[in-house]
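**Student:** The listed protein sequences derive, respectively, from chains A, B, C and D. Going by UniProt numbering, the residue at position 262 of the first sequence is 262; the numbering climbs one at a time, nothing skipped. Going by UniProt numbering, the residue at position 77 of the second sequence is 77; the numbering climbs one at a time, nothing skipped. Going by UniProt numbering, the residue at position 59 of the third sequence is 59; the numbering climbs one at a time, nothing skipped. Going by UniProt numbering, the residue at position 121 of the fourth sequence is 121; the numbering climbs one at a time, nothing skipped.
None of these hints come from the bench; they were simulated from the model. Take the hints with a grain of salt, since some may be wrong.
Put simply, identical chains are the same to the list, so a pair is met inside one copy or across any two.
What the hints assert, rightly or not - Straight-line distance between alpha carbons at most 16 Å, and here's what the computed EDC-like set of lysine to aspartate or glutamate pairs gives:
1) LYS361 <-> GLU38
2) LYS97 <-> ASP306
3) LYS99 <-> GLU73
4) LYS357 <-> ASP306
5) LYS66 <-> GLU86
6) LYS99 <-> GLU147
7) LYS255 <-> ASP201
8) LYS168 <-> GLU96
9) LYS143 <-> GLU38
10) LYS357 <-> ASP308
11) LYS361 <-> GLU73
4 protein chains.
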Amino acid sequence: MSGNTLGKLFTVTTFGESHGPALGCIVDGCPPGLEISEADIQPELERRRTGTSRHTSQRKEPDQVKILSGVFEGRTTGTPIGLLIENTDQRSRDYEKIKDRFRPGHADYTYDQKYGFRDYRGGGRSSARETVMRVAAGAIARKYLRERLGVSIQGYLAQLGPLVLEPKSLSTVYDNPFFSPDPSRLEELEEYMINLRRDGDSVGARVNVIASGVPAGLGEPVFDRLDADIAFAMMSINAVKGVEIGAGFASVSQKGSEHRDEITPQGFLSNNAGGVLGGISSGQDVVVSIALKPTSSIIVPGRSIDLDGNPVEVVTTGRHDPCVGLRATPIAEAMLALVLMDHYLRHRGQNADVTSKFALKTLLPGGD
Amino acid sequence: MSGNTLGKLFTVTTFGESHGPALGCIVDGCPPGLEISEADIQPELERRRTGTSRHTSQRKEPDQVKILSGVFEGRTTGTPIGLLIENTDQRSRDYEKIKDRFRPGHADYTYDQKYGFRDYRGGGRSSARETVMRVAAGAIARKYLRERLGVSIQGYLAQLGPLVLEPKSLSTVYDNPFFSPDPSRLEELEEYMINLRRDGDSVGARVNVIASGVPAGLGEPVFDRLDADIAFAMMSINAVKGVEIGAGFASVSQKGSEHRDEITPQGFLSNNAGGVLGGISSGQDVVVSIALKPTSSIIVPGRSIDLDGNPVEVVTTGRHDPCVGLRATPIAEAMLALVLMDHYLRHRGQNADVTSKFALKTLLPGGD
Amino acid sequence: MSGNTLGKLFTVTTFGESHGPALGCIVDGCPPGLEISEADIQPELERRRTGTSRHTSQRKEPDQVKILSGVFEGRTTGTPIGLLIENTDQRSRDYEKIKDRFRPGHADYTYDQKYGFRDYRGGGRSSARETVMRVAAGAIARKYLRERLGVSIQGYLAQLGPLVLEPKSLSTVYDNPFFSPDPSRLEELEEYMINLRRDGDSVGARVNVIASGVPAGLGEPVFDRLDADIAFAMMSINAVKGVEIGAGFASVSQKGSEHRDEITPQGFLSNNAGGVLGGISSGQDVVVSIALKPTSSIIVPGRSIDLDGNPVEVVTTGRHDPCVGLRATPIAEAMLALVLMDHYLRHRGQNADVTSKFALKTLLPGGD
Amino acid sequence: MSGNTLGKLFTVTTFGESHGPALGCIVDGCPPGLEISEADIQPELERRRTGTSRHTSQRKEPDQVKILSGVFEGRTTGTPIGLLIENTDQRSRDYEKIKDRFRPGHADYTYDQKYGFRDYRGGGRSSARETVMRVAAGAIARKYLRERLGVSIQGYLAQLGPLVLEPKSLSTVYDNPFFSPDPSRLEELEEYMINLRRDGDSVGARVNVIASGVPAGLGEPVFDRLDADIAFAMMSINAVKGVEIGAGFASVSQKGSEHRDEITPQGFLSNNAGGVLGGISSGQDVVVSIALKPTSSIIVPGRSIDLDGNPVEVVTTGRHDPCVGLRATPIAEAMLALVLMDHYLRHRGQNADVTSKFALKTLLPGGD
């Protein structure tokens with residue numbers, strides 16, 4: 001399969017560039033009978049949308065999704081679902097000045113090397129705009145997972161540059177433009193972003209995502225492990241440079257007696273595994289953390305070369321996010337939903353006859 | 001495709017359990033004409049082999065690989081290569097005592113939940129023994145990459161529990177049982193492992209892998225990015241809980257002006273990208289780091305449940321590694337080779353007509 | 001992959017129903033640099049279009065294709081190509097009368113059994129209207145094959161019910177609404193269709209397709225043979241019940257001394273193989289023949305059951321082709337182009353280093 | 001995936017050449033809990049085995065299969081099943097004389113063109129010996145289909161050269177070396193083969209296969225239709241040049257009123273569809289027919305060229321079947337089983353929630 005398809009049974013194939021007429025995707029393999037309409041998808045697009053705050057790029061677009069197929073009388077038919085979002089606010093002239101040079105840290109150089117030339121308008125296919133279709137497709141997966149399996153997926157901004165945020169209030173994450181899980185830090189975040197923008201620079205971020213209610217048994221080792229597919233899906237998001245499951249890199253310095261999650265008849269006593277053991281979901285929360293690099297499109301001048309190999313200085317003006325991580329929360333949620341959905345169908349295909357013996361979850365410290 | 005196949009054009013499909021009669025794999029899609037024999041594969045198996053030091057499990061097996069097909073008169077024919085390694089030192093009676101209970105932190109529980117029952121002998125399919133075929137298949141990919149493209153792949157132990165190792169002497173990595181890149185730290189490592197074993201505990205590790213000479217252009221965005229497939233392949237290794245490319249999680253607190261790798265006509269001035277921009281190789285070194293959790297099979301007693309859900313105490317005796325990370329270096333090298341090989345063929349399939357314009361590498365600080 | 005994707009490196013994923021707002025597809029894996037525009041695709045859609053003659057269904061639609069992505073400044077960029085065709089002439093009320101019953105010989109029954117319910121408007125996803133995207137995608141493949149490899153693909157109607165047509169004038173096939181290769185038989189065909197329509201019945205057809213200039217070496221045995229993928233692609237066309245390569249079923253009664261195509265330094269002396277030996281193209285013409293059943297939507301009353309299992313009589317009025325085979329020629333050509341394109345890229349991916357030793361073609365009887 | 005893997009959820013990947021040390025395969029995705037042992041597979045291998053009669057090639061090999069993984073305590077574990085058959089009767093010296101030339105009608109030429117050189121011993125990978133692993137893997141699928149779903153699969157020789165055989169006694173097919181369904185024709189078949197062998201020639205054959213008890217709903221249109229995957233699987237068998245489903249090519253001259261299978265509350269009144277409508281199984285018998293060409297390895301001299309392009313005369317001595325179709329019945333049965341098994345799991349993955357409303361079968365003429 002070529003590179004723009006995700007999944008094996010529940011698949012998402014996307015197309016579209018930042019400044020083309022439209023972006024779209026095909027969701028294939030969705031079980032029939034799911035009630036779905038544009039109204040189920042649009043709110044998730046709103047959360048992702050550029051322009052929700054002055055801290056993300058000022059592109060003004062409604063991102064209005066249209067369902068073109070696969071739904072009849074309000075329910076999925078089991079046939080492929082075509083989704084389309086038209087681009088309405090392309091300002092391509094902004095990009096004329098970078099068409100003949102490579103922004104350092106950007107995909108400009110590698111696209112040119114791979115394909116021989118590139119659509120330089122707004123980053124073309126390499127633009128983060130592409131993730132809009134991930135969120136749209138993810139909305140369908142999330143609805144199925146929530147309604148049929150009781151799975152809920154929640155992400156949040158865990159770190160912005162030097163500022164580490166604690167998950168104090170997950171229920172308020174969607175109420176602020178940073179997806180901060182700590183409402184008491186909003187002013188601090190705002191101030192940090194104002195200074196960053198003033199400096200014409202950008203910064204990295206960490207986003208965490210948690211899926212609760214995931215049934216045990218999802219994952220197809222030895223290669224197509226649930227955590228391997230999660231790592232794949234997360235690393236496929238623009239700007240992601242690292243992925244952790246559960247304790248992640250902290251497990252490097254853990255002892256086995258500390259890391260392993262002990263089991264009692266009432267549940268697991270901890271969740272260092274992040275909900276995945278041997279590549280298969282355990283029924284505990286699936287816990288994922290990703291690192292996003294600072295965007296490369298900044299005003300601070302940088303050294304680079306042009307198409308002829310001559311040295312040039314690059315300054316990126318135009319609309320750009322000083323922190324792409326600020327928009328990554330809904331995208332990471334969508335990717336986790338897509339992976340879980342695909343693995344649920346795959347597991348059901350092979351193992352529909354097997355009945356899980358247990359339904360253990362993680363016991364919280366307080367103990368419910 | 002079911003879960004035991006890796007890759008799309010250069011594919012590896014594996015089978016085999018820890019205590020079955022044999023393990024094997026099929027390498028499909030290898031270009032014809034590559035000179036290959038068991039002698040090319042065996043040394044890499046030796047490096048991975050259990051029993052190379054007293055710090056890894058004392059299973060004594062030659063891991064003798066046989067090429068069963070796909071090679072004629074010393075060269076690959078383009079048809080599938082069947083590889084087989086017989087198990088000769090199974091001591092299944094060691095495992096009778098854990099057959100009715102789940103080791104905490106182990107795949108015992110999830111395999112049982114997924115499939116309804118499990119081959120409990122030595123972990124069955126979830127055993128790290130499975131990785132022997134990854135190394136065997138990887139040896140073929142490495143040879144092609146090295147001979148045809150000039151790609152070299154080098155891994156090393158970057159951290160053992162609390163001990164961080166600097167890459168002072170990569171040429172000596174294979175000369176010590178820890179794959180340590182710093183020969184001056186060997187005694188310290190040895191002492192740490194002796195204490196760990198004495199305590200009946202285990203510890204995590206970090207392993208780094210670097211591929212040099214990778215041509216620019218490999219990777220198929222937006223999903224099948226080179227880094228996404230690397231993350232997938234690495235996370236599919238037993239015990240891996242985290243993957244980083246380039247600066248990885250350090251990029252969270254980096255500024256854009258710091259992270260981006262500036263370009264001059266002579267080369268890149270840094271490599272925070274880890275050799276991948278926009279999901280496509282840049283020609284710089286591909287730099288990967290992985291976190292391995294401490295193994296769950298330890299002597300320190302732990303709480304768990306049995307098959308009927310009753311509470312039990314689990315103590316794992318038998319042959320087990322106190323640090324699976326010690327053996328992970330050759331495995332991580334193999335996985336990186338397999339991903340690069342697959343992406344090279346995929347890129348060539350789609351873009352054989354395109355000529356790369358540049359061949360920039362990272363300029364070293366000293367400046368060659 | 002779910003069921004709506006064709007190919008492995010050059011892939012086509014389609015969506016859309018007969019009476020939904022639009023049909024579309026994503027062509028992924030097209031090599032960069034191919035000059036393409038809507039003007040290259042539209043003529044092939046015209047050839048397929050319903051309403052080209054009074055013998056096919058009278059739906060009046062322009063089938064205007066839009067390229068939504070993957071093309072920049074007139075050339076493919078190597079990124080996915082999104083294609084869209086809006087439905088503009090749906091008359092869904094025609095189908096109210098069959099919504100609660102199954103047309104005998106139609107997919108009504110099986111879609112309902114598989115998915116629990118169905119989009120009954122115009123056959124929904126099972127409508128032959130779906131093939132419009134195959135033709136659109138095929139146009140891109142054909143252009144690449146023709147311009148880069150010199151491959152030409154030509155189909156024709158070989159049989160209409162009892163009327164067998166000889167390939168007397170392939171150059172005139174596109175000049176008549178039957179795709180007849182024998183201009184002298186047009187009146188006869190017309191008369192046959194008039195009588196058939198008058199009787200309210202339908203009839204089957206045979207279509208042949210030939211690809212010339214195919215390079216030797218395409219096909220990936222033992223499963224993904226070129227002929228196996230051709231059989232797959234052809235049988236996936238609505239109404240196709242049989243596929244032959246070369247001598248096809250005639251080879252059942254042939255002797256080996258008769259069937260084998262002898263070779264001379266000047267070329268092959270015959271082409272019973274149909275251009276494929278051992279699943280790999282030989283460089284001879286690839287010759288394919290398919291059988292299309294008579295459409296099931298006819299006026300002649302037939303016995304069936306309704307959604308509750310009660311016996312009903314079914315009469316299909318509305319717009320229907322009395323011979324779906326009449327429109328199958330461009331579709332079969334497109335499918336052959338798509339398979340050849342995918343196999344060309346796959347072969348190039350694995351075997352780009354190999355140089356073909358010979359370039360033998362079939363010697364024609366006269367001997368050029 | 002490269003070309004040696006069949007299926008998507010229930011996959012079979014094979015390796016091995018005619019004269020290598022062994023052939024093998026990996027069956028991945030088999031549901032856990034199926035009782036299986038070598039004793040379930042061996043009888044199907046015996047039926048396929050060369051040397052069962054003097055009319056097939058005289059290679060004497062036990063074809064003893066070993067299960068190397070995926071089965072524990074007599075039941076499948078859900079992990080990949082490794083199967084191995086060692087070659088014990090290679091007589092490679094027979095092939096020295098054809099190593100530098102291409103047998104006309106054989107894959108010699110195309111393998112050489114594709115890969116640059118070939119394993120000429122016994123046809124290497126292109127040998128029909130490869131099908132032994134298809135039969136072994138198929139035996140597992142058949143057992144699951146039979147025991148869990150009540151599906152039975154029965155093939156037979158429908159035509160040998162000019163001799164057409166009627167299915168008079170399907171229960172006796174396995175009792176004669178021709179797989180003839182008409183015991184009264186055995187002498188005639190024997191005499192025909194004796195004459196053919198005396199002439200040093202070969203002949204084609206037609207084989208039919210029928211699957212009964214197939215549940216409605218299998219098949220994933222618009223591309224991965226059940227009939228499309230059957231066509232693929234059948235055409236991937238050595239020497240197959242044509243595939244029909246149901247009425248097949250006879251439907252070309254049928255009227256719609258004749259072809260369509262009318263439905264009553266008691267069942268379908270005919271089965272021209274061959275059990276597949278719109279690419280989805282209807283619950284009727286799945287009926288497949290294939291054409292096998294005469295083998296190209298014959299004693300009658302033929303014109304060809306050598307590796308340098310010079311004209312040569314080719315006479316193939318050694319062990320060869322004068323009619324490969326005689327051995328095709330168990331192979332075709334196996335392929336049909338593999339396709340049905342894969343589609344059953346795929347359907348279950350996507351549509352496990354859907355309950356079929358009807359369970360109609362074909363009413364036999366007599367009317368049971």
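**Student:** Taking the hints in turn, state whether each one holds.
**Tutor:** Hint check results:
1. LYS361 <-> GLU38: Close neither inside one copy (34 Å) nor across copies (40 Å); limit 16 Å.
2. LYS97 <-> ASP306: within (11 Å within a copy, 60 Å between copies)
3. LYS99 <-> GLU73: between (47 Å within a copy, 13 Å between copies)
4. LYS357 <-> ASP306: between (62 Å within a copy, 11 Å between copies)
5. LYS66 <-> GLU86: Classified as both: same-chain Cα gap 9 Å, cross-chain 13 Å, threshold 16 Å.
6. LYS99 <-> GLU147: Cα proximity of LYS99 and GLU147: none, with 47 Å in one copy and 29 Å across.
7. LYS255 <-> ASP201: between (40 Å within a copy, 7 Å between copies)
8. LYS168 <-> GLU96: Result: close neither inside a copy nor across copies, 45 Å intra and 46 Å inter.
9. LYS143 <-> GLU38: within (12 Å within a copy, 37 Å between copies)
10. LYS357 <-> ASP308: between (64 Å within a copy, 9 Å between copies)
11. LYS361 <-> GLU73: Classified as neither; 38 Å inside a copy, 30 Å across copies.
Violated hints for the displayed structure, listed by number in ascending order: 1, 6, 8, 11.
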